[in-house]
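Guided by the hints, dock chain B onto chain A, whose structure is given.
Protein chains in written order, with this note's numbering: chain A, 1 to 280; chain B, 1 to 374.
It is possible that part of the hints are untrue.
What the hints assert, rightly or not - Chain B side only, calculated, beta carbon under 10 Å to chain A, not exhaustive:
hint	residue
1	Arg47
2	Ala50
3	Pro72
4	Lys73
5	Arg75
6	Ile77
7	Met79
8	Val80
9	Leu86
10	Ser99
11	Glu101
12	Ile113
13	Val117
14	Arg150
15	Ala303
If you're looking for bench data, these hints aren't it; they were derived computationally from the structure. Bear in mind the structure is a predicted one, so any value in this text is a computation, not a measurement. For each residue, glycine too, the CB sits at the ideal point set by N, CA and C.
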Amino acid sequence: MPDVTKTDYIKLFAHRFAILLYLIFSLFPLYWLLKIAVTPDKLLYSEGVKMWPSKLTWVNFELVFTQSEFPTFFINSAIVSSATALLTTLIAAAAGYAFCRFKFRGKLIISALLLITQMFPLVMVLAPIYKIMAPLGLTNSLLGLVIIYTAFNVPFAVFLMQSFFEGIPRDLEESAMVEGCSRFTALRKVIIPLTLPGMAATLGFVFTAAWSEMLFALMLISDSSVSTFPVGLLNFVSKFAVQWGQMMAAGVLALIPACIFFVFIQRYLVQGLTAGAVKG
Amino acid sequence: MASITLNNLSKHFDKTQVLKNINIEMLEGEFVVLVGPSGCGKSTLLRSIAGLEQISGGDIFIGETKVNELAPKDRDISMVFQSYALYPHMSVERNMGFSLEVQKVPKAQIKKIVSEVAESLGLSQLLDRKPKALSGGQRQRVAMGRAIVRHPKAFLFDEPLSNLDAQLRVQMRLEIKALHQRLKSTIVYVTHDQVEAMTLADRIVVLNAGVIQQVGPPLEIYDRPANLFVAGFMGSPSMNFINTQVIMDRGQLCLQTTSGDKLPLVHQYQNLQVGMHISCGIRPEHVSILDSGFGHLQGRVNALEPTGISEQIYCDYQGENLCIYSMQRSGCKENQAIALQLDVHKLHLFSEQTGLRLQQLPDAIAEYKVVSGE
Chain A
1 MPDVTKTDYI
11 KLFAHRFAIL
21 LYLIFSLFPL
31 YWLLKIAVTP
41 DKLLYSEGVK
51 MWPSKLTWVN
61 FELVFTQSEF
71 PTFFINSAIV
81 SSATALLTTL
91 IAAAAGYAFC
101 RFKFRGKLII
111 SALLLITQMF
121 PLVMVLAPIY
131 KIMAPLGLTN
141 SLLGLVIIYT
151 AFNVPFAVFL
161 MQSFFEGIPR
171 DLEESAMVEG
181 CSRFTALRKV
191 IIPLTLPGMA
201 ATLGFVFTAA
211 WSEMLFALML
221 ISDSSVSTFP
231 VGLLNFVSKF
241 AVQWGQMMAA
251 GVLALIPACI
261 FFVFIQRYLV
271 QGLTAGAVKG
Chain B
1 MASITLNNLS
11 KHFDKTQVLK
21 NINIEMLEGE
31 FVVLVGPSGC
41 GKSTLLRSIA
51 GLEQISGGDI
61 FIGETKVNEL
71 APKDRDISMV
81 FQSYALYPHM
91 SVERNMGFSL
101 EVQKVPKAQI
111 KKIVSEVAES
121 LGLSQLLDRK
131 PKALSGGQRQ
141 RVAMGRAIVR
151 HPKAFLFDEP
161 LSNLDAQLRV
171 QMRLEIKALH
181 QRLKSTIVYV
191 THDQVEAMTL
201 ADRIVVLNAG
211 VIQQVGPPLE
221 IYDRPANLFV
231 AGFMGSPSMN
241 FINTQVIMDR
251 GQLCLQTTSG
261 DKLPLVHQYQ
271 NLQVGMHISC
281 GIRPEHVSIL
291 DSGFGHLQGR
301 VNALEPTGIS
311 EQIYCDYQGE
321 NLCIYSMQRS
331 GCKENQAIAL
341 QLDVHKLHLF
351 SEQTGLRLQQ
361 LPDAIAEYKV
371 VSGE
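Extracted from the complex, chain A is given alone in its bound form (with noise of 0.2 Å):
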């Protein structure tokens, strides 16, 4: 059947071409990014719109390491971004299991109250949060944002996990039970295991978001010391110049943790989430 094979072949082609088309795509901001990063600032303007610059540099990268505060805000970044994806995934895991296997009162009013916070525009709450952080004094403060990001990633996460606990028949944690486990033992012997494509997939999604998140810091953090890096990114910015090639160096290597959490945690990733689209 010449024909079907043919069609076939099309197909194929159509499908990989797509795919690479959306490569292109997602991925060319990425490669700008590199680019004017190892471009010379004498060639930036002066060689106008080339795909790859005639001489190469990496005194930008240099700059950023030595002469900026990146390195700060770089473990300021991590420090949040890790500390509330490990916080926002411990409550989710335990409010999505309670959502998931128990009975109790006000459990349609909670989600829907969980469900209402995702739908206020962020720029609505910043000054309430503002005027809550302020006396509290964490403003200012790695801690403040944590809680701010821990609090606003976590309704989307209790759903994501909710959904991956529904996906775990309910007769293993009943026979671990009868088997001589406690409800706890159960969980932590049996579910618990099974979860950690989903615990994966909610850290690494909190990670990422909390990793870019630029609106909060912006507003609770004034001190450069406590600066998140989407923040410090601000400080290429002056006056009256823009210094590109540091900003997107500084840019380049602040997408190396996000990298290599996302090589750690992706083959965990693709069952994780894929498990929660299927049966949750």
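Below, chain B without anything else, positioned relative to chain A:
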């Protein structure tokens, strides 16, 4: 091993009553099968014994201990789930040893016990595998092995064979029976498959709508169903029912069908009165097709189901579908008119009003020879 006693057990979800006043005493070492249509409460009953469902009233005793308030883990019973509920992240070996692991039994001892049980179930080669790499029958065996390993007071089986294909089901049925004979264990087994119930049970408990209909040994339930529900539910193909009325015909008690055919009553029955409306039950294997003559009833063939070893003939009689089970090949055609002979010794009489069986009295005229038809 221990007995299980249920006293006045009841259970309701919100306002729906799912179990009503269940009283059963399951003896030590007895194989009890709970059978009934879906939604009759049999699984809920089993889960109540396991402690996975809270009961609303009554008591459950395992051995001498009242377990109403005990958590499932403290009841010392094993349960085999319909889905097998094997832990996907553990090897067969760890799955089987899990209950011992939880009890903090030394590793070497767990290994020894598990390998013995695995040996007896033919699972020795599979101990390192994960459940997803097993076939349905192997998973079933692992689930049983997991239950056996801990020497529980009783085994609970929740429709364990319903996910297997027909051939494997027959094989596993035999294995479960052999297991019971070997371990002499108390087993409570839930199924909706009456062949399983008949073949496995020491005693069958027939449930419908949360109420026990009849408790007894399999053949007693088959031969003397207590009411219309049990009569219709147990047996495949199921019992035929004909609407009749008791009349006196030339000095003999008869059942007269709505179309006027007469079935002579050759036994005496408790509380039988002339004029009573009776649902007359007859099992398909007690109806035969006559080559000549009129027989008791005349029907018209609706459908034929030859299975090779036997044949089931469905025919229409006064608008009812009567089934005839024959070991001979009848050679009937669809729409053919046939004469049916009923084994009048095997009639089951149920009061149409109450649905209850009219008990047959010890017989003075059992030897009375009936001349067929007219």
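Here is what the structure says about each hint:
| no. | hint | verdict |
| --- | --- | --- |
| 1 | Arg47 | holds, 8 Å |
| 2 | Ala50 | holds, 5 Å |
| 3 | Pro72 | holds, 5 Å |
| 4 | Lys73 | holds, 5 Å |
| 5 | Arg75 | holds, 8 Å |
| 6 | Ile77 | holds, 7 Å |
| 7 | Met79 | holds, 5 Å |
| 8 | Val80 | holds, 9 Å |
| 9 | Leu86 | holds, 8 Å |
| 10 | Ser99 | holds, 4 Å |
| 11 | Glu101 | holds, 8 Å |
| 12 | Ile113 | violated, 14 Å |
| 13 | Val117 | violated, 14 Å |
| 14 | Arg150 | holds, 7 Å |
| 15 | Ala303 | violated, 40 Å |
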